[in-house]
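**Q** Here the protein sequences come in this chain order: A and B. Take the first sequence: its letters are residues 44 to 364, numbered as in my numbering. Take the second sequence: its letters are residues 44 to 364, numbered as in my numbering.
Check before you lean on any hint, since a few could be wrong.
If chains are identical, the list can't say which one is meant, so a pair holds when it fits in one copy or spans any two.
[Unchecked claim] Lysine-lysine pairs mimicking DSS-like chemistry, simulated, CA-CA at most 30 Å apart:
id: 1; residue 1: K246; residue 2: K270
id: 2; residue 1: K313; residue 2: K116
id: 3; residue 1: K246; residue 2: K141
id: 4; residue 1: K350; residue 2: K253
id: 5; residue 1: K332; residue 2: K350
id: 6; residue 1: K141; residue 2: K313
id: 7; residue 1: K161; residue 2: K66
To be clear, the hints were calculated from the coordinates, so they are not data collected in a lab.
There are 2 protein chains.
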Amino acid sequence: MKITVKAPANIAFIKYWGKRNEKLRLPANSSISMNLSGAYTTTSVEFDSKLKSDILILNNKEVVGREMERVSKHLDLIRSIAKSKNYAQVKSTNNFPKGAGIASSASGFAALTVAAAKAVNLNLSEKKLSILARLGSGSACRSIPNGFVEWKMGNSSESSYARSLFGSEYWNIYDLIAVVGENSKKISSTEGHAVAESSPFYKTRLSGMKDKVAEIKSALKRKDFTKFGEITEAEAINMHTVMMTSVPPLYYLLPGTLDVISHVLELREKGIECYFTIDAGPNVHVICKEENKRKIQKVLSDIKSVKTVLINRAACGARVI
Amino acid sequence: MKITVKAPANIAFIKYWGKRNEKLRLPANSSISMNLSGAYTTTSVEFDSKLKSDILILNNKEVVGREMERVSKHLDLIRSIAKSKNYAQVKSTNNFPKGAGIASSASGFAALTVAAAKAVNLNLSEKKLSILARLGSGSACRSIPNGFVEWKMGNSSESSYARSLFGSEYWNIYDLIAVVGENSKKISSTEGHAVAESSPFYKTRLSGMKDKVAEIKSALKRKDFTKFGEITEAEAINMHTVMMTSVPPLYYLLPGTLDVISHVLELREKGIECYFTIDAGPNVHVICKEENKRKIQKVLSDIKSVKTVLINRAACGARVI
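All chains, please: the whole structure from these sequences, using the hints.
**A** Written as C-alpha cells, this is what we have:
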C-alpha cells in the first residue's frame with residue numbers, strides 16, 4: 044500500500060531553541076507556531092518485502108549518506124512499533140526550492156511520519172503522530188495538527204507533543220517570507236541546539252518563556268495583532284541574541300536580513316502594521332493582516348537583496364492525500 | 044589666554060553601556076579602551092570678560108541649541124571650580140567627517156575639558172581632568188590618559204575615572220575602522236543608556252563584567268592577541284544583544300555591518316587573525332596586528348558597502364598643543 048501525505052512547513056512565533064534531552068528531542072521550552080500554506084512537502088511511502096534496504100528519492104534524486112540514514116532510523120522506529128521488517132521506498136518533494144533557505148526537516152519528517160505509519164498499517168492518534176514526528180525532527184511535531192499550534196514541552200517523550208490551538212481558518216494573518224539567501228549554516232540546527240546553553244543569556248531566555256507563551260496565547264485568543272506581533276518580534280531577536288552569544292557564536296543573519304528588518308520598521312512607522320520573525324536562517328518572515336498584504340509584498344519585492352517573496356497563510360496539518 | 048588641545052577618540056574593547064547614576068554619568072561597569080591615533084578633535088578655548096555668552100564654533104560653523112547648551116553647561120562646571128564668571132569662545136574641529144559615524148563626544152569633551160581648565164588657569168591632575176571629562180560625556184574620561192586605558196567604575200564621582208594601563212607604544216596593534224554608514228541613531232546614546240535596564244539580558248551582562256575586565260587586562264598584560272580578540276568580539280556582540288533586546292529595541296547594525304563581520308570571520312578562517320568590535324553605531328572596528336594590517340585593509344576596502352577604512356593605532360591622551 045502506497046500512502047502519500049502532504050505536510051506544511053511551520054513558522055514559530057515562540058521559538059524552539061535548545062533541548063532538555065537531545066536523544067528524545069525534548070525541547071527546553073514550549074513553542075507556538077503556524078502551519079504555512081505555501082511551503083510544504085509531499086511524501087509517499089511504500090513498504091515492500093522485496094526491497095533489500097530503504098530507498099529515499101528526494102526531489103526526484105536518489106539520496107544516500109547522512110540524510111538517508113536519518114530517514115531510515117525514523118522508519119526503524121515506525122517498523123518497531125508495527126513489528127514489521129519490510130523496507131520502504133520513500134519519495135519526497137518540497138514545493139519550495141532547496142536554495143530558498145526554508146528548512147525542510149519539519150514538513151519532511153511530519154509527512155514521512157504520517158505516510159509511513161499509515162503505509163505500515165498503524166492507526167495512530169494525532170498526538171502519537173506528533174510524538175513520533177518529534178523524534179524525527181523536533182519542530183516536525185508542530186506540522187502535524189491544524190492551523191495555530193502549541194508544542195507543549197512536556198516532561199517526558201509521551202507528554203511532549205503539539206496540538207492545535209485554533210484551526211487554519213481562525214485568523215486571516217499572513218506570513219510573507221522575504222527570501223534573502225540560503226542558510227549558510229556552517230553549524231546545523233542540531234549542533235546549534237547543543238551549544239545554546241553556552242550563551243550567558245540562555246538561562247534568562249528560558250526563565251521568561253512560560254510567561255511569553257501565556258501572553259502570546261492570550262493575544263492569539265483575543266486576536267490582538269499588535270500584542271501578538273510585538274511578542275513575536277522580540278522573541279525572534281531574543282533567540283538570535285542567544286545564538287550570537289553562544290560559544291561558538293552562531294550568526295544566521297545576512298546583510299539582507301537587516302535590510303528587510305529596517306523596511307519592516309519603516310513600514311510600521313508609516314502606519315502599515317507588520318512584524319518580523321526569523322528562524323535559524325537569514326530569511327525574514329513578515330507577519331501582517333490581510334488588509335496590508337499587497338502593500339507590504341510590493342515593498343519587500345522591491346528590496347534589492349530580496350530574491351523572492353513567498354506568501355503564506357495558516358494551513359492544515361499533515362494529511363493523507 | 045587661548046589654549047588649544049588635541050584629544051583622541053577611543054575604541055572600547057570592554058564597553059560602557061548603562062549607567063548607575065545618570066546625572067553623574069557613573070557607569071554600570073568598568074571599561075577598557077584604546078585611544079585612536081587617526082580620529083581626534085582639536086579644540087581651542089579662550090575666556091574673555093567682554094563676551095556676553097559662550098560661543099561654540101564647530102568645524103568652522105557657529106552652533107546654537109542643544110549642542111551649545113551641553114558645552115555651556117560643561118563650561119559652567121569648570122567656571123564654578125575656578126570661581127570665574129567669564130564666558131568663552133570655543134573652536135573645535137574633528138579630523139574625521141561628521142557623516143563617518145564616529146562619535147565625537149568622547150574626543151570633543153576630553154579636548155574641551157583640558158583646554159577650558161587650562162584656559163581658566165586651573166592646574167588639575169590627570170585624574171581630576173578625567174573625572175571632569177566624564178561629567179561632560181561618560182566615555183570622554185577615557186580619552187584623557189595615554190594609550191590603553193581603564194575606566195574604573197568607582198562608587199562615587201571622585202572614584203570614577205580613567206587611568207592608563209599601558210602607554211601608546213606598549214603594543215603595536217591596529218584598529219582599522221570600516222566605515223559603512225552614518226549612525227542612524229533615532230535614539231541617542233544617552234537615551235540608549237537609559238533603556239539598557241529594560242533588556243532581559245542586562246543583569247546577566249553586568250554580572251559577567253568584573254571577570255571580563257580582569258581577563259582582558261590579563262590578556263593585554265601578556266600581549267595574548269588571540270585571547271584579547273576573542274574577549275573583544277564576544278563583548279561587542281554581548282552589548283548589541285542587550286541593545287537589540289531593550290524596550291524599545293536599539294538596532295545600530297546596518298546590512299554593511301554584517302557584511303564586514305562575515306569578512307572578518309572569513310579572514311580568520313584563512314589564518315589571517317583579526318577580530319571585530321562595534322560601538323553604538325554601524326561601523327566595524329577590525330583589530331589586528333601590524334603584520335596583517337595591509338592585507339586586511341585591502342580586503343575591507345574592497346567590500347562594496349565599506350565607504351572608507353580609517354587606520355588607527357594606540358595614541359596619547361588629550362594634550363595641550
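**Q** Evaluate each hint against the coordinates.
**A** To see whether the hints hold, each was checked on the structure:
no. : hint          : result
1   : K246 <-> K270 : both (24 Å within a copy, 25 Å between copies)
2   : K313 <-> K116 : neither (51 Å within a copy, 37 Å between copies)
3   : K246 <-> K141 : neither (34 Å within a copy, 41 Å between copies)
4   : K350 <-> K253 : neither (36 Å within a copy, 45 Å between copies)
5   : K332 <-> K350 : within (22 Å within a copy, 39 Å between copies)
6   : K141 <-> K313 : between (35 Å within a copy, 28 Å between copies)
7   : K161 <-> K66  : within (25 Å within a copy, 69 Å between copies)
Violated hints for the displayed structure, listed by number in ascending order: 2, 3, 4.
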